[in-house]
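Colleague: Residue strings, one per chain:
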Amino acid sequence: MAIQVKKSPFYELTETAILGTDRKPLNRILASGALGQTIADLSQKEDQAQSQSPERVLIDQLTALSIARKAGSHALVLENTITVCPEESQSKVSERSLALLVQILALETKGSELRPSKMVADWLVYCAEANQRVPEEFVPRLLSLGKNISELHPLIAKCCGEHFAWLISLNQEWGISYKVQKNDQPDDSDRIQALITTFETADQKERYQALLTLRQHAPQEALTILSMTFEKESFETKILFLKALNTSLSLSDEPFLEDVALADRRKEVRTQAAAQLCLIADSRFQQRMIARADQYLAYSNSERRFAITLPDKLDDSMSRDGIIENLSIDSRLGQKATWLCQILSLVPASHWQKRFALSAKEILKVATASSEWSLALTLALINSAARFGEVEIQQAILECGEIHLTDSQSGLLLLKALPHTLLENLILQKLPSWSRPSEQAPRLDLWYYLEQVDFNWSEQFTREIMKFIIKECREKVPVFGHTFYSNASNFALRMHISAGELIEQIAINSEMTDIYRRNALERMRDTVKLRYEIFQSFKISNEISTSTKGNRQ
Amino acid sequence: MSIAYTAEQILELAPDSSAGKAGRDLATASKWKNLGYNEQAIWGECQGSGASPYQTRADLSGPAFKCSCPSRKFPCKHSLALALLCCANQALFEENEPPSWVSEWLTNRGAKKRKETSETEKSPEQLEESLLAKDKRKQDRLSRVQTGIEELELFISDLMRQGIGTVKKQPFAFWKSRAARLVDAQAPGLARLVSECAEIIARSSDWEDALIDKLATINLICRAFLKREDLPPELKADVLTAVGFNQSQDELLSGAGKCLDDLWLVVGQYSYTQDRLRVQRNWLWGKGGQSALILDFAHGTAPFDTMLIPGLFYRGELVFYQGSLPQRALIKSKHSEPAIAPCVSGLPSVGAALSSYASDLAKTPWLDTVPFLMEEVIPLKTSGGKWCLVDKVKNGLPLIVKEETGWQLLSYAGGLPLSLFGEWDGTTLKPLAAMKDGNYLRLQTVEV
Chain Y
1 MAIQVKKSPF YELTETAILG TDRKPLNRIL ASGALGQTIA DLSQKEDQAQ SQSPERVLID
61 QLTALSIARK AGSHALVLEN TITVCPEESQ SKVSERSLAL LVQILALETK GSELRPSKMV
121 ADWLVYCAEA NQRVPEEFVP RLLSLGKNIS ELHPLIAKCC GEHFAWLISL NQEWGISYKV
181 QKNDQPDDSD RIQALITTFE TADQKERYQA LLTLRQHAPQ EALTILSMTF EKESFETKIL
241 FLKALNTSLS LSDEPFLEDV ALADRRKEVR TQAAAQLCLI ADSRFQQRMI ARADQYLAYS
301 NSERRFAITL PDKLDDSMSR DGIIENLSID SRLGQKATWL CQILSLVPAS HWQKRFALSA
361 KEILKVATAS SEWSLALTLA LINSAARFGE VEIQQAILEC GEIHLTDSQS GLLLLKALPH
421 TLLENLILQK LPSWSRPSEQ APRLDLWYYL EQVDFNWSEQ FTREIMKFII KECREKVPVF
481 GHTFYSNASN FALRMHISAG ELIEQIAINS EMTDIYRRNA LERMRDTVKL RYEIFQSFKI
541 SNEISTSTKG NRQ
Chain Z
1 MSIAYTAEQI LELAPDSSAG KAGRDLATAS KWKNLGYNEQ AIWGECQGSG ASPYQTRADL
61 SGPAFKCSCP SRKFPCKHSL ALALLCCANQ ALFEENEPPS WVSEWLTNRG AKKRKETSET
121 EKSPEQLEES LLAKDKRKQD RLSRVQTGIE ELELFISDLM RQGIGTVKKQ PFAFWKSRAA
181 RLVDAQAPGL ARLVSECAEI IARSSDWEDA LIDKLATINL ICRAFLKRED LPPELKADVL
241 TAVGFNQSQD ELLSGAGKCL DDLWLVVGQY SYTQDRLRVQ RNWLWGKGGQ SALILDFAHG
301 TAPFDTMLIP GLFYRGELVF YQGSLPQRAL IKSKHSEPAI APCVSGLPSV GAALSSYASD
361 LAKTPWLDTV PFLMEEVIPL KTSGGKWCLV DKVKNGLPLI VKEETGWQLL SYAGGLPLSL
421 FGEWDGTTLK PLAAMKDGNY LRLQTVEV
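Respectively, the protein sequence lines represent chains Y and Z.
Numbering (the numbering used here) for the first sequence: 1 to 553.
Numbering (the numbering used here) for the second sequence: 1 to 448.
Misleading hints may appear alongside valid ones.
[Unchecked claim] As a list, the in silico DSSO-like pairs of lysine-lysine whose alpha-carbon atoms are at most 27 Å apart:
1. Y:Lys267 to Y:Lys243
2. Z:Lys214 to Y:Lys24
3. Z:Lys363 to Y:Lys70
4. Z:Lys402 to Y:Lys92
5. Y:Lys467 to Y:Lys416
Hints in this document: simulated from the structure, not taken from any laboratory.
Isolated chain Z (complex conformation) (with noise of 0.2 Å):
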C-alpha cells in the first residue's frame, strides 16, 4: 500500500480547524483497533464516547470518506485520523479482506457511480413525451426571462435618464428587490450581476467607473439574449450560461461537452459564500496548457462534493460545459498522481497575458474572470504601498492581496522570479497560488 497524501495535504481536506486539531490528536495508534486496507481502501475503528466504536473507512484515490460518528463535518476527526495514521505509520495496517461495513460501502460507492453514469432507460414514447415538455419548459422560461431583460432595460434606461450619480444614495433594497424580479423572471445569472452593483457601490472608492462596467457587462449580455437566435451555438450558449440558463451535467457527461484527458494540476482554489450558499472554485492546469472551472456548491456546513487538493496533480477526463471559451468543467473521472512536482507552463509574460485577455475577450465579451498562470514573475511592493508582479521586461500588472498574503508572496519569492496563478478580472490579479522550484504554495485571497 502506499499512500498518496502527505499529512499536510490530507489536513487540507479538514473543514475547519477544530476538525483538523481533533483529526490530529486522535491519529495515534493507541486510539485505533482493526486497522486495515486493500487495494481500494483504508479503514479502522476507533473508541469514542459512544459504547460501540466508529467505523471509519476511507478511499484514497478519491478522497472519499465515511464514519459512523453523528458528526456533522465532513471529513469527521476520525476520517482525517484514519488518513493522517496511515500517512504516518503504514505499518500499523494490515492487509486484509475488509470488513462489511467497508466492502458495503464500496460497492455502494460503484453502484451509485454507475447509476450515475448510465441513462434512464425510458421507451420512445415517454422519451418523446419528456423532450416535448422539457422543451416547452424551456420556451416558457425564454419568454419570462424575456419580459424579465425587458424590464431591465427600461431599468438602466432610466437610470441613464437620472444619472448614476443619484443611486448612491439609493437603499441596497433598490438593487436586491430588482435582482429578486430578475430571480423571478428565472434569470438568476443576471440576478447576481445586479446585486453586485450593490456591493460595488457600498465598497468602492471610485465605484462609478466600476459601476458603469458593470451595466455595460449587464447591458451587453442583455442585448445577445434578445438577439441570440442570430449568434452563432457557441455564442447563444455562453448568453444563456450568463443569463443563468444551467447546462445539464448528465448531457454534458453523456457526450454533448468536450472531453479531455489531461494530467491536471489543482492551480487554485478559494471558497466564499453567496446568498448562504457556500461556492468553492477549483482552477485545474493542464499539462497541454488548457484550463478549467471546477465549481462546488454546498448549503450550510454541508461539505463540498469534490475533494481537489490544492498543489496536487490529477490525471483523469473534464468535460467542458458549452460555450465559446470552454472554461467551466466538470470531473468524468480522476486519480491523484502526488509524485508529480506542481509545474506547468503559462503566459511568459505580462504583453502576452494581456493580448490573451483581449483575445478571450473578443470571443466572450461580458467576461468576468480570467485564469493567468504567469512565468518569470517577481512580486513587489511599490513605493507607493501598491503590490504588483513585474516580468523580465518590467512590466507589471496590479495584485489584489492582503496586506499578509503579499508579504508572505514578497518573502517565497525573494526577489526571484516565480510563477504565479491568480484570476483576472481586467483591472487587476486576485493571486490563488505560487510556483517555485517545483514547489506549491496556496495564497489566501482577499475577502469579496
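Isolated chain Y, as found in the complex (with noise of 0.2 Å):
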C-alpha cells in the first residue's frame, strides 16, 4: 500500500528502523524531488525481485537518506554577535616567561605538592612588575585557576589586560567570581552602593567579601549594614563577620560590639567580640576586664612574687564577657587557673608594667618563678602578647631561655602573631648553636618555627637559612628532620628570590644515603630554581625593552 506521509519521509523511516519491520511494516513512500524519487525507486524494489526483503529496501532507503541528509547539511543561522574585546595596550610576556607559567600550569594539573597558585602568584607579580600581560590565549586558564583564589584576583586583573574584563562579562561563572574585585577599589557613592547590595543579596562567601572590602574603604557603613543583619545570621557566619570588623576596628564599634555581639547566647560569638573589644583601648570591656584582673594578681615587692587569688566561681558577667567554663588550654591547669589565665589574657602586660613599676623582663622573670601558678601566668603573658602584639613582653618572652613556643598552643600562637622581622632575629639568634654538634645543641625548633608560621622570608634571613643548609648538607650533619622533609617545598615558595643564587652550592648527590633527605633536598632546590628562572626572565625581558627604547632614544 503507497501512503502519501505526512511526516518527514526521515522520520517515517527512522519509526521503523527504531520499531522494526515486524510491528511496524514498511511503508512504500511517496514524496516529490529527486530523493522522494530515489526512495521510491528502492521501494519498488521489494515489488520487482522477490529477493530484496522489505529489510533490505528499508536500510538501503536509510542509507540513501543519511547520505541526502550529510550532502544538504545546512548552516546555522546564528543572529548571536559578540563585543570585540578592546586592544591591548600592554606587551605580551616573553616566550621563556611564558614557557614557565605554562611549566607551573602543569604542576597544577599533576596534582603535584608544590602549591602551584603561590608560584603562579610569583609569576603573576613579576608580570605585573614588568607591565606585560599573558598572552590571551592563556586569560581563561588563569581566570578558572584564580576563581576561588581571591589573592590572585586583582594580579590576575592586572596580568590578563583588557581581555580580563571583557571575559568576565561572557562568563557568568568568573562573572561572579571575580565581581567582588571588580568593586574592590570604592570610589564613590555607586560602588559603595554595589558592595551594599552584594552584601544584602549575595551568598556567604561574596558577603564577606563585600564587608571585608566595604570595611576597608567605608568602615561606618559597613557596622551599619552588618549591625542590621547581624541578629539574623548563623553564628558562624556571625563569628566571620565579627572578624572583618578587625580591619579599623576602633572606638565607635563598641557599641555594637558591646551590647549586640557579647550579648548573644552562643559563647563562641561573645569569645570573638571579646578578643576584639579588648583590643580597642579605654573601652569599657576593656576597663571591666583590667578592674577584674587587678582583683586577682597582685605582686608583693619584699618577697618579689606575685600573690595569685584565683576566681571564685564563673558568675554571669565573666560569661557574659568571654569567659568560658570549660576550656582546655593545658592539661596541666585546673578550672579555675583556666579562668584565671583567660582573664589575665585579656589584658595588655603593660598594664601591669605600669601597675607593679616592673620591666617586661622583670614580671617575666616573676612569673615563671611564682610557684604553682606560673604555668598559668606564664601562658597568660604570652596570650597577651600574641594578642596586643606589644614588643617589649615578644621580645622578653623570646629572650627567656625558660620558654619553648612550640610546647603550647599559646607559643604556637604568639609566633604566628609575632612580627616577621622579629621572628628572623630570634632564628638568626639561635642558627649557631642549633649549627653546632647535636651533643650541646638545644632542641632544633628551626624548621617547625617555619613550619607554623608562613611569611615571606627576608633576603638577609633567606641568605642565612641558605649558608645554614649548604653547611649542615656539606658537613652531613643530620639537622635534616620529618619537618624540614615535609615542607622542604613550601621553605622554598617562601624564601626570597635570592636564594636562586646559592641554591647550586646545596651540595646533593647521589652519595647522600638517606633518600628523604636528598628527595626534599631536591624538592627544594627544583622549586627555587623554577622561581629564580622565573625572576631572570622577566628581568631579562625588562632589560632588552629598557635597552630597545635605549637605542630608539
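Make the complex out of the two chains shown on their own, each in a separate frame, by following the hints.
Modeller: Dropping the structure here:
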C-alpha cells in the first residue's frame, strides 16, 4: 500500500527502523524531489525482485536518506553577536616567561605537592611589575585557576589586560567570582552601594568579601549594614563577619560589639567579640577586664613574687565577657586557673608593667618563678603578647631560655603573631647554636618555627638559612628532620628570590644515603630554581625592552 | 649552524610532561661536555647516574634523535635537553668532525633510508612467483571478506526486522563479537565501524539517528564491495580501503601513488588510543590548497615514527593513497621551514565549506571526516550555551569542543575573525587549531 506520508520521509523511515519491520511494516514512501524519487525507486525493488526483502529495502532507503541529509546539511543561522575585546596596550610576556607559566600550570594539573597558586602568584607579581600581559589564549586558564583564590584576583586583573574584563563579562561563573574584584576600589557612592547590595543579596563568601572591602573603604557603613542583619545570621556567619571588623577597629565599634555581639547567646560569638573589644583602648570592656584582673593578681615587692587569688566561681558577668567555663588550655591547669589565665590573657602586659613598676623582662622572670601558678601566668602573658602585639613583652618571651614556644598552643599563637622581623631575628640568633654538634645543641626548633609561620622571608634571612643548609649538607650534620622533609617545597616558596643565587651550592649527590633528605633537598632546589628562572626571565625581558627603548632614543 | 625550532616546539616532541620537565632541567651547560655540531647533526655527552656519560645525538632536520641512555621514552630527556640547549645557546656547540658514535648513526640512518627506497632485487621467476602468490592471497582474502560481508548484511537485516530500539539493552559484546567476526574475515575497517556502533549507543543521548547513520555507512560499503567490479578504479580503491585493505607503502612510494611537492603546514595534530594502539592524526595543508592526512601508529609507549611539529611548515614530497578523494598520504621527503609564518588559504565561508563537503561526499559517500580550514570566522558561545563559529554572513557551524578549549579559542579570537582548522564529520566541527596574524594556536581536542 502506498501512502502519502504526513511526516518527513526520514522520520517515517527512522520510526520503522526503531520499531522494526516486524512491528511496523515498511510502507512505500511517496515523496517529491530527487530524493523522494530515489526512495520510491528503492521501494519498487521490493515489488520487482522477490529476493529483495523489506529489511534490505529499508536499510537502502535509510542509506540514501543519510547521505542526502549529510550532503544537504545547512549552516546554522546565528543572530548572536559578540563584542570585540578592546585593543591591548601592554606588551606580551616573553616566550621564556610564558614557557615557565606553562610549566607551573602543568604542576597544578599533575597534583604536585608544590603549591602552584603561590608559584603563579610569584609569576604574576613579576609580570605585573614588568607591566606585561599574559597572551590572550592563556587568560581563560588563569581565570579558572584563580576563580576561588581571591588573593590572586588583583594580579590576574592586572596581568590579563583588556581580556580580563571582556571575558568575565561573557562568562557568568567568572563574572560572579571576580565581581568583588571589580568593586574592590570603591571611589564613589555607587560602588559603595554596589557592595551593600552584594552584602544584602549574595552568598556567604561574596557577602564576607563585600563586607571586608566596604570596611576598608567605608568602616561606618560596614558596621551599619552588619548591625542590621547580625541577629538573623547563623553563629558561624556572625563570627566570620565579626572578624571583618578587625580592619579599622575603633571606639565607634564598641556599642555594637558590647551591646549586641557580647550579648549573643552563643559563647563562641561572645569570645570573638571579647577578643576584639579588649583591643579597643579605653573601651568599657577593657576597663572591666583590667579591674577584674587586678582583683586576682598582686605583686609583693619585698618577696619579689606575684600573689594570686583564683576566681571562686564563674559569674554571669564573666560568662558574658567571653570567659568559657570549661576551656582546655593546658592539661596541667585546673578549671579556676584556666579562668584566671583567660582573664589575664585579655589584659595587656603593659598594664602590669605600669601598675607594678616592673619591666617586661622582670614581669616574666617573676611570673616564671611564681611557684604553683607560674604556668597559668606564663601562658597568660604569652597569650597577651600575641593578642596585643606589645614588642617589649614579646622580646622578653623570646629571650627567656625557659620558654619553648613550640610546647604550647599559646606559644604557637605568639609565633604566628610575631612581627616577621622579630621572628627572623630570633631564628638568626639561635642558628649558630643549632649548627653545633648535636650533643650540646639546643632542641632543633628551627624547621618547626618556619613550618608554623607562613611569611615571605627577607633577603638576609634567606641567605643565612641557605648558608646554614649548605653548611649542614657539606658537614653531614643531621639537622634535617621530618618537619624539614615535609616542608622543603613550602620553605622554597617562602624564600627571597636571592636564594636562587646560592641554590647550586647545596651539595646533593647520589652518595647521600638518606633518601628522604635527598628528595626534600631536591624538591627545595627545583622549586627555588623555578622561581629564580621566572624572576630572571622577566628581568631579562625588561632589560631587553629598556635597551631597545634606549636604542630608539 | 642555525637551529630550526623554538624551545616550545622542541617540547612539543616530549612524550609526556615529565620528560619535558626533565629535559628542561638537564638543558644547562654544566651537565654536558663535548658538545659539537656539523651540517647534519648536533651531539653531546651528558653525565647520568651511570658510570659513563650518555651519548646523545640529534638530526634536527628530521628531527631525529638517538641516545645511549636506557630510557624507553622517545625522545628521551637527554635528547630533548640537547636540542633545548642548542636552541638556548648555540655558542656552546663547537663545529667539529663528528665522533664515531655520531657518524655511525648518521651513516646507518642514510643506509636505512636507501634500503627503504630501493626495490629488493629478485629474479624474473622469483618476481612472477611472488606476484602469483600475492594475487592468490588477495583472492583468498577477498573471498573471506565477501563471506564476512554477507553475514554482516544478514545481521543488519535482522536488526531492521527486530528494530534498533532493541539494541540499547544489548551488552557491549553484542557489537564486539560481530566486530571480531569481521576481523576474522579480514575486514578490519568494517570491524572498526561496527565497534563504533557500541560506542554511539553508550555515549550519545540521541543515539538513534547516529546509529542509523553509522549503519547506513556500513551498508553502503558492503553494497559497494559486492559490486566493486562495476566501480571506477579510484572508487574501487576507496571501497577496499574502507573495508580494511591496506595499500602497500612500498608500492605507493615507488610510483603507484600520486606525488605532490609543496610547502606543507602541519595544521592539526592529535592522537588517541584504539584497541591498545595509539593513533596519531597529522593534518597537513599545502600552500597550493591540497590537504593531506598522515596517520601514524604506535603500540603502548613506543614513539610515533613521524615527528611533525604543529604550526611548522615542511617542504617536501607527499605520496597520496589511491582513491577518488586523495586524503591520506605518506611522507616521501621533508625538510622543516621554520621561518615561515603559519598562514595558508582555506574556505571563505560556511556555505563554501558545506558545498565542498557535499561534493566530497558525492565522490566518496562513506566519507568519515573532512578537513575544514575556515577563514575569517569568529568563535562564539550562543545564549543556549553551544559553541559555534560564525562567518561574515552570520552562517554558523556547531563546534564540538571542551569547555576550556572553547574559552581559550574565544579569548584568542577576541571577538575578531581568525582562521580555524578542524575536522568536519557532517554534523559538528572538531577544531584542532586557530591561526591569526601569522601565529598558530594548537587546540586540545575532546576525548572520543
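Colleague: May I ask which of the numbered hints given earlier this structure violates, with the numbers listed in increasing order?
Modeller: none
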